[in-house]
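*Asks:* Chains as they are written, first to last, in the working numbering: chain Z, 1 to 81; chain C, 1001 to 1822.
Each hint should be verified, as a subset may be incorrect.
Below 30 Å or equal to it, Euclidean Cα-Cα: the simulated DSBU-like pairs (lysine-lysine) are [claimed, not checked]:
hint, chain 1, residue 1, chain 2, residue 2
1, C, Lys1472, C, Lys1460
2, C, Lys1182, C, Lys1107
3, Z, Lys30, C, Lys1107
4, C, Lys1586, C, Lys1497
5, Z, Lys30, C, Lys1803
6, C, Lys1224, C, Lys1182
Computed footprint of chain Z on chain C, listed as stretches where at least three residues anywhere in the stretch have a Cβ under 8 Å from a Cβ of chain Z [to be verified]:
hint, stretch
7, 1002-1011
8, 1363-1371
9, 1464-1477
10, 1482-1494
11, 1507-1515
12, 1583-1594
Everything labelled a hint here was simulated from the structure, so no lab data went into it. A virtual CB, placed ideally from N, CA and C, is assigned to each residue, including glycine.
Spelled out, the chains give:
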Amino acid sequence: MAELSFVITMSVVTLFWAIVGGIVPLFIPKGPNRGVIVTMLVLTSVCCYLFWLIAILAQLNPLFGPSLSTDAIWYLRYHWP
Amino acid sequence: MDSLLRGEELCLAQLFLQSGSAYDCISELGELGLVEFRDLNPSVNAFQRKHVNEIKNCEEMERILGELASTLSFCCNHRVSVCLQEQLQRLEVELGEVTRNKEKLQKNLLELREYTHMLRITHSFVQRTSEVSYEEFPFLEKDTVMDYSSMQRLGAKLGFISGLIQRAKIEAFERMLWRVCKGYTILSYAEVDEYLEDPETGEPSKSIVFLISYWGEQIGQKVKKISDCYHCHLYPYPTNNDERNDVVEGLKTRIQDLHTVLHRTEDYLRQVLMKASESVYTWVIQVKKIKAIYYILNLCSLDVTNKCLIAEVWCPVNDIANLRRALEEGSRKSGATVPSFVNRIPTSDTPPSLIRTNKFTSGFQGIVDAYGVGNYREVNPAPFTIITFPFLFAVMFGDLGHGLIMALFAFWMVLYENNRKLKNTRNEIWNTFFEGRYIILMMGLFSIYTGLIYNDCFSKSLNIFGSGWSVKAMFTAEMWNGNRFLTLDPNVTGVFKGPYPLGIDPIWNLATNRLTFLNSYKMKMSVIIGIIHMSFGVILSTYNHLHFRKKHNLYLVFLPELLFLLCLFGYLVFMIFYKWLVFSAKDSREAPSILIHFINMFLMQGDGVPPLYPGQTGLQIFLVVIAVLSVPVLLLGKPIYLNWLHNGSQRLGMYRVRGYERVRRNSEEELYLMRANDMEEGSSHSDLSSSGDHEAEEFLHQAIHTIEYCLGCVSNTASYLRLWALSLAHAQLSDVLWAMVMRVGLRMDTRLGVLFLVPVFSLFAVLTVSILLVMEGLSAFLHALRLHWVEFQNKFYSGTGVKFSPFSFSLLPSSFEHDGLL
């Protein structure tokens, strides 16, 4: 179950940034600024995807968990699913 | 895009301008702003140039306009005028006359008003003293007509001196009178109620009317001298009442007349100024243009026939057609029979660099140029900086709320960018922010994204998708141990349900060991981003090598550099990802420290720690060997190759020179062609005779480059850790601000709390903007800039070029901007 949600998340986000970086540049109209806009799109998608990827991979297999105070535990026990 | 990536191609052109149409042609070129003129008379002193008199005339006109501007206080619309210089001189003379007249009239008016005051006040003295004298001199007739000639019966001649003196000087005056005249004078004085204008300083000041009565003529002389000394204004004192009344009447009418005349003069002055102000804006521009054109004419040289001016310009190749058209237009305007024309000439000088930008890209190009303008046609980091600079800023700034505020501020500036008031203020700090409005907008947008990933919004986390950690599972497994803190154990089933899909899990905001996790995450993230950024920089250098047709650089410089970087630090990135993917909480006891493994790799010791994966030792040795081997290739490859090339051509040249004279001439031509060909390709083949020197220089240059690069790899990788450091600082500051300011207001009881919360929130807002947005923003901006300038650009950018500065009227600096005219 956890695996499935991870796979879904991974594929959705990868697909999104792949579209932004790979498909959208094909639709930019020809003009003096086409090169700059395409560069911007590709770089944005690469940077943002990388940043998200690092965040999710760092949490994939945690070696230790959060250390919570008793108040926080009491709150989370009853308010979070 | 090619222009932004690399800069435009420029060529050297010669303009042949007929003397009659030279002025108009240059005026056309100035309007268009196409070309940069080169100085053809560099050895000539500024005062010995041809058009130095015309420039002096222009400066004279500028002076007149400057004086005109200082008497004006409003701006105006355009109107074309002719015969500029004569008009300006006439205007100056007229203005001078009118102003002088006005001043004279005002002085006159002042005197009359003083006289009136004096008469009025001394009247009151006399009224007082007449009663005294009535008592002291009982033998006077009892008529109320004051007749001072009766005093003459005493045998002494009584005289009066009256006038006005500055209030500050009255006491000294009185004392001086007493000392000099020793009681033979009587001084009475009173202050004038209204402020009169002091003619010397123009400031309103208080005056005192005095009346001195004295016996004897010599005393009178002394008194006169003393009053001159104290700059008193003396007025004749009337002897009897009728005379006094006549004088007062006369003064009244004169004052009225003077008022009318003064009024008329001021009206006339205002009209003259208004008429001038309508045209002064155009005149200023015209004079600037004329002066600029004469400067350019000074840069040209005469040709042999003395009929035609020659100018050398740098012109973009794409604009040569426009240049021709401009020259034709100029020739047509001046009605010349022979047209001026342009001729492209080959050159071995390096042209200046021209990069065309629009309002969006100009900000980013500006921050790249601040480090150094690129060499002619080398790769320009600006198009990549448009995204990577705001991205690195956002990694260090990383807060959703602050990013939102920054983006909104920048968005407001962009929406109102055509508002004249915003554009033309003279506040330097505001101008800096306004010029960078697109940069700030990008920075804000990226900060929103990184704030979302860091899950940090004004130091609070958002829980959009549900946390991946479950406390309930810890209770089910009965791991409660009665301590104040409980660490969730991912080994227990159900506690960890999977990574949070968008960024850092919100539970970490509530944890006490939050920083332990975040530090590890952010440090690794900084190293990964840094190495990728640097590799990108190295790869960009291939553009340069390919463009300048130095293919040998690809194999001898680029390949060793890339191998060195990737074999060592790319492997480090691989290890980071490997550890993240392979090691989980189950084997957390055996989870290796990447740093230890990395160090062991260099020292070639693998025995102490268990391997991460089978075959690790072998692979690591292989990578270290490749990296170490690429260093001597980088160090010696290029010098040896170039040396081999030189030796080859030298042998070739020597062989040819040994031939007959005819062959020699041919060979010189061929050598010249070869050299010209080489120049166009951009390679730097040296003069044959000094090849020895050049070889040593090449070797030294390459040695320095190698050392810089290899040591730089290590230090620059560590330098990227500032991404971690600044984001930690920002998060902590934000947390402290919340905990110490807002929470204090939120904890109070409802009734009092509502009132208390308003000042608390305002304090929170002020501190957020000033410390977190402005201070942290500037700090992160600076560090992101440094990462670009040093760590990224030293992999491929030399930045030692000259910027193309075209001759354009719109770029002329204006000294009149200070007066707020433009």
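*Asks:* Checking against the hints above, which ones are violated?
*Replies:* Numbers 2, 3, 8, in rising order.
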